[in-house]
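Chemist: Here the protein sequences come in this chain order: A and B. Residue numbers are given in this note's numbering: position 210 of the first sequence equals residue 210, and the series is strictly consecutive. Residue numbers are given in this note's numbering: position 218 of the second sequence equals residue 218, and the series is strictly consecutive.
Treat the hints as calculated values from the structure; they're not laboratory data. There could be a bad hint or two in this list.
Claimed, not checked - Some chain A residues close to chain B (C-beta under 10 Å, calculated; not the full set):
id: 1; residue: His201
id: 2; residue: Thr304
id: 3; residue: Phe315
All values derive from a computational prediction rather than experimental measurement. Idealized CB from N, CA, C, for every residue including glycine.
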Amino acid sequence: MDAVSEPARGESFVLEPRALQALLDAIVAEGYQIRGPLVRDHAVCLDEVTRVEQLPVGWTDEQEGGHYRLTRRGGSALFGCGVGQDSWKRLLHRPLALLWSAERDDGGLALSEPHEEPARFAFFGVRPCDLAAINIQDGILAAGRYPDPFYRARRQGLLTVVANCTSAGGTCFCASMGTGPRAESGFDLALTELWPDTANHALLVETGSDAGTRLLAAVPRRPAGDPERREADEATRRAVEQMGRRLDTSDIHGMLMGNLEHPRWAEVARRCLACGNCTLVCPTCFCTNFEDGGDLELRHAERTRRWDSCFTLGFTRLHGGPVRRKIRSRYRQWMTHKLATWFDQFGTSGCVGCGRCITWCPVGIDLTEESAAIRASDGRSGR
Amino acid sequence: MPGKKRLAVWKLASCDGCQLSLLDLEDELLRIAGAFEIAYFVEASSATAEGPYDLSLVEGSIATAHQAARIREIRRESRLLVPIGACATAGGIQALRNFRDFGPFATAVYPRPEQLDALETSTPVAAHVPIDFELRGCPINKRQALEVLSALLAGRTPKGGSHSVCIECKLRGTVCVMVARQLPCMGPVTHAGCGALCPAYGRGCYGCYGPMETPNTGSWSGWWQQRGMDEPDLRDVFRTFNAWAEAFREESERHGS
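Go ahead and model the full structure; you've got the sequences and the hints to work with.
Modeler: Spelled out as structure tokens, the structure:
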């Protein structure tokens with residue numbers, strides 16, 4: 001396994017697991033800060049990773065509605081865990097951001113905007129569903145007439161190393177949403193883990209950009225052959241079969257918007273805590289609120305932006321009070337936006353099938369189940 | 001420029017912990033004293049001045065007839081009245097007596113209960129007089145207190161919502177202890193404000209800030225019932241510092257007397 005010639009974009013290679021450290025080193029040498037999955041606080045979190053041993057090697061997770069457990073499976077699998085509570089949104093679309101501040105002195109008011117050196121992040125081990133989510137947030141936050149400068153600054157220099165899924169979790173349904181378990185494009189490099197826990201353990205690496213291809217120059221590798229390609233296809237197919245959830249997306253816009261008075265909305269509202277967890281763990285939810293603050297001397301003022309949720313009363317507070325007072329209308333707003341009206345607004349579904357909203361709902365409410373229940377007793381006339 | 005705003009801090013039936021939280025603003029105390037005339041705050045100074053006051057912060061619940069009269073006087077003397085802490089906003093831990101006959105408690109605790117002049121119940125400030133804002137918590141968060149003071153001076157609305165503690169957990173990136181560790185965490189039904197302190201240290205939320213804006217306590221209890229929490233525990237988990245807050249009171253009563 002030696003680098004015999006310069007890698008070319010579009011080619012696939014095979015790395016031995018220990019060569020992954022050379023890849024991490026090459027990424028760091030290019031000036032990137034690597035963020036990747038590691039075990040912390042009983043879950044897989046996304047944080048700084050520079051060594052292969054930091055990855056959740058030998059761990060796996062159990063995910064159900066309102067239930068997440070990390071368990072030791074042993075063995076050598078590097079990517080045996082699915083997505084955790086954290087999504088990459090935390091790094092690109094930060095929970096809290098200072099927008100501007102102002103200082104008052106005798107001469108008047110001086111306004112200043114925060115100056116942030118754009119971080120150059122390399123996201124390592126991005127699951128295909130989460131790559132799709134980044135693409136969705138790109139379309140909302142980085143495009144159009146008023147792009148978000150904070151998001152764009154962090155997004156522009158981003159390097160993405162995908163980890164395709166060779167197993168699926170109990171709340172996964174990316175296959176229904178067409179976002180996984182294998183990423184087709186939009187990455188710099190994509191890894192598929194082959195034959196873990198055997199002597200043949202290896203990683204298939206696909207190159208998706210010049211930046212990604214260049215990184216491989218210093219990494220011991222060999223060209224991928226048919227056995228590796230076939231196993232990657234097989235592993236992906238197995239993941240599809242393992243999906244713990246599915247969502248029927250046929251005519252989902254018409255189905256949901258034609259059932260706005262369906263009794264199921266009141267039923268789910270009896271269970272929904274309106275705590276906002278689903279929206280904050282969702283990798284595409286992007287809503288924020290603005291808060292003004294200042295000091296006791298009235299010399300300093302600042303405006304901050306923080307993640308908000310359509311499940312809070314304050315989210316729709318207008319003159320006279322909040323618009324969506326009932327939990328029923330808040331849950332309905334969230335789910336119809338995510339699965340239906342997102343198409344009207346942004347041209348795609350707002351859901352990538354990562355399953356976080358199911359796993360991290362404290363009482364295990366499952367939008368695939370809610371959608372299926374409404375579809376099963378579709379209240380539209382003639383059905 | 002007009003004179004400084006006049007600040008008063010009052011104590012009713014309480015443990016003084018919220019006042020101590022104010023005094024714990026060590027780095028800011030001189031600035032507060034510079035921005036306000038601290039006209040009445042006997043925990044800080046025995047020098048007191050007559051009203052009226054621009055802002056009265058009230059710690060404690062109304063547990064005696066004297067306190068019931070006092071809160072009316074305070075209201076008359078105060079342009080803005082802000083109850084601080086679980087006692088003042090919900091009746092406090094001492095409101096546990098509201099669920100029982102008061103007489104036997106008095107007899108059990110005091111050798112001469114006839115000397116007591118206490119009401120049958122402990123109730124929040126808002127049950128007696130109109131209020132302008134409130135700061136939850138047992139005790140209050142000193143940063144929130146500072147925010148209320150700064151906001152008053154600037155004539156703006158203080159920051160902070162009445163949503164769940166969960167939102168604060170997610171903002172700071174704490175892994176959900178209810179989902180990942182099956183700890184009975186009251187965060188989903190509890191008012192934000194503490195910054196999600198307990199879950200950050202690997203414990204479930206105790207509900208110190210009382211019910212959030214639209215608490216679905218029934219769903220929370222149902223989830224834990226299915227996971228083996230028994231009726232006495234479900235009653236007791238809602239019956240702590242904010243036991244007399246409506247949503248917590250009603251939920252606790254669904255699980256026992």
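Chemist: For every hint, state whether the structure bears it out.
Modeler: We went through each hint and held it up to the structure:
The beta carbon of His201(A) is not positioned within 10 Å of any beta carbon in chain B (closest approach about 29 Å), and the interface hint is therefore violated. Look at Thr304(A): its Cβ gets to within about 8 Å of chain B, closer than 10 Å, so that hint holds up. Contact between Phe315(A) and chain B, as hinted, is supported at the beta carbon level, the nearest pair being about 9 Å apart and thus within 10 Å.
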